[in-house]
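Protein chains in written order, with this note's numbering: chain A, 1 to 320; chain B, 1001 to 1382.
One thing to keep in mind: the hints can contain errors.
As the list claims (entries may be wrong) - Derived Cβ-Cβ restraints for the label pairs, each shown as a range:
| # | chain 1 | residue 1 | chain 2 | residue 2 | range |
| --- | --- | --- | --- | --- | --- |
| 1 | A | R118 | B | A1218 | 48 to 56 Å |
| 2 | A | L74 | B | I1096 | 35 to 43 Å |
| 3 | B | T1340 | A | T3 | 36 to 44 Å |
| 4 | B | D1095 | A | F108 | 31 to 39 Å |
| 5 | A | P135 | B | I1096 | 37 to 45 Å |
If you are wondering where the hints come from, they were derived from the structure by calculation, not from laboratory data. Idealized CB from N, CA, C, for every residue including glycine.
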Amino acid sequence: MDTISFVMQQTFFFMIPLLLVALGGMFSERVGIVNIALEGKMLMGAFTSIFFINQVQNSDLAISGQPLLVLALLVAAGTGVIVALFHAYASINLNANQIISGVAINMFAPAFAIYAARIFGDTQQVFFQNQFHIPSVPFFGSIPILGPLFFQNTYFTTYLGFAILFFSTFVLYKTKFGLRLRACGEHPQAADSVGINVYRVRYAGVLISGALAGMGGLIFIVPTAVAFNATVSGYGFLALAVLIFGAWKPMRILFAAFFFGLLQAIAAGHSGIPFLRDLGIPMQFYSMVPFVATLVVLAFTSSKSAAPKAVGQPYDKGVR
Amino acid sequence: MKKVLALLLAALLVFSLVACTQTPAPTPAPPAATPTPGEPSPITPEVTPVDGIFLALVTDYGTIDDGSFNQGSWEGVVAFAEANGISHQYFQPADITTAAYIDAIELAIVGGAQLIVTPGFLFREAVYVAQDLFPDVKFVLIDSTPAPPGGAPVIAQNTVAVLYAEEESGFLAGYAAVMEGHRSLGFIGGLPVPAVVRFGHGFVEGAEYAAQQLGLAAGEVSINYAYAMTFSPAPEVQTMAAAWFNDGVEIIFAAAGGAGFSVMAAAEVAGGLVIGVDIDQASASETVITSALKGLQASVYSIITDFFNDEFPGGELKIFNAAMNGVGLPMETSRFQNFTQAQYDAIFALLASGEIVVNDTVEEGFGPLDLDTELVNIILIG
Chain A
1 MDTISFVMQQ TFFFMIPLLL VALGGMFSER VGIVNIALEG KMLMGAFTSI
51 FFINQVQNSD LAISGQPLLV LALLVAAGTG VIVALFHAYA SINLNANQII
101 SGVAINMFAP AFAIYAARIF GDTQQVFFQN QFHIPSVPFF GSIPILGPLF
151 FQNTYFTTYL GFAILFFSTF VLYKTKFGLR LRACGEHPQA ADSVGINVYR
201 VRYAGVLISG ALAGMGGLIF IVPTAVAFNA TVSGYGFLAL AVLIFGAWKP
251 MRILFAAFFF GLLQAIAAGH SGIPFLRDLG IPMQFYSMVP FVATLVVLAF
301 TSSKSAAPKA VGQPYDKGVR
Chain B
1001 MKKVLALLLA ALLVFSLVAC TQTPAPTPAP PAATPTPGEP SPITPEVTPV
1051 DGIFLALVTD YGTIDDGSFN QGSWEGVVAF AEANGISHQY FQPADITTAA
1101 YIDAIELAIV GGAQLIVTPG FLFREAVYVA QDLFPDVKFV LIDSTPAPPG
1151 GAPVIAQNTV AVLYAEEESG FLAGYAAVME GHRSLGFIGG LPVPAVVRFG
1201 HGFVEGAEYA AQQLGLAAGE VSINYAYAMT FSPAPEVQTM AAAWFNDGVE
1251 IIFAAAGGAG FSVMAAAEVA GGLVIGVDID QASASETVIT SALKGLQASV
1301 YSIITDFFND EFPGGELKIF NAAMNGVGLP METSRFQNFT QAQYDAIFAL
1351 LASGEIVVND TVEEGFGPLD LDTELVNIIL IG
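Start from the sequences and build out the full structure, keeping to the hints where you can.
Rendered as structure tokens:
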């Protein structure tokens, strides 16, 4: 039991950032803009927000703990939006190739993070103190079985991630705005013909995507290191895979993120789990499992999943 | 209207071009020393040096503030240069390839560098080529010996190869951990490169030595032993360390550069302890009980001093060990409860005098460690 709840707790550290960033990717791709820049947005969000935490913790400001984390999340989201603006401008207004502008952001982000960290701080690493860990959520943490599984050794961001998931599902399927989002990604000319401003809706999708990716970056770093070192270890690209695995649908993205996170947690933690360690299976095999399993699942499910029809195409009013 | 605008733009463009060519007004002072005569292909550097650089450092994978060997070496260069008013500069290769390393070395030489410090195992081939190409320039190769790909090492007369007795540093860390009272230890290395392998082997031997000294029963001390396969912080490393702490491991020696930050993150939550590596990492996290040091700064400083005293130990392989004060633990910043300065001094003296010899061999291909431990139970994960 102890082992199961430990694996579950670790799963969240992989799963929640993947979930948020993949949802961000979903908002962008559902309006028709390919978002390969998730990695860069994640990295930029992580950089500015960790730097923000670093500055506050080294100052006399009396902000600490969860309020600081909330502020940092806002900083991360804001950064993501600013970076996304560039992507949106290039791919919506300038009709640029969306892959290329995404790649440009991915190349720019780590370089900028290193440069800025050196200029404004002392070193490339930005250190922070983890004051955000919650050993046990009051009341919920003491529930037998469910407590250790979901409410111990956790972060407030885990629940925020689920809240955003449900909210996204609601927005996408139950609101007028969500319908417009989806329409612009399937057939923007049709959407335009009924009076929807395609440019505005596409901007909204890409900016939401930036905010979620930026927050995902912060949520990714906080539990897994004591310093930000200008990398998010390729998890932005993994989120892109989760998005496709999840067939551009929120609940399936949740499943994909959970599936992948669980396998990653088992793969990385197997050496501390006596039962798995004693099997004597090489470490490389465990590291391989999440990716092989994803491939297998994709092979069986991908025929039914389809990307939004207009994804990757600049919107041209004149095309019929 | 458009034509006027276009004309204006064109004028602006021309004007700015003229402005550009005028600003630099190149009056480069002659370099402190002219580049090597007979240089095969003179290259034109992108940047014209204003002053001749005397001391140069070419960085390896990583930067001059990587908290590891680049930083330590660069601090040695800076310390000497600032104390003696000597020009110095660092160069970052464009790529992690031998060709890019050689380009960066050439750039430094064209800039006038007389002594070039190249920290890192990955420079072995670049320095092997450069030491023949530029016989009048001195090279200091840290952490390796110059060698052709797959060949035997050749140290030319203008090169010093510097190695560290990481196994002694690791030994001290392992000894201190067991003497401190820990019985369940862990080792997480970055990649199995020779320096990291030596750290790990020394750690095991140190724990074994302490177990013998304390008269512990066989198997009472156990060591989880694994490589993270990365030098960057990663959630996988955090989860591995968290799983170990959850399983009862008390202290982990993280010889893994930046990946150590993820071990510290796991330790902070789980109430575990960490031993840092290379430089004093006590400030990175409260959980860092001590660090297995390599005296990079001191050794670079001492070799540059030798160079200016005309005693450059060209052609030599220098191994900085406990006897030369090249390795150790930072006792002032350590957070030991039981392990005392006196105990440290005693074990350090035994290492320095050569009474304890730690095995420094690294097997071909850095394969699984082949150490005979009688008391320590090694749980090899790989």
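Where does the structure disagree with the numbered hints, that is, which hint numbers, in rising order? Hint 4 alone not satisfied by this model.
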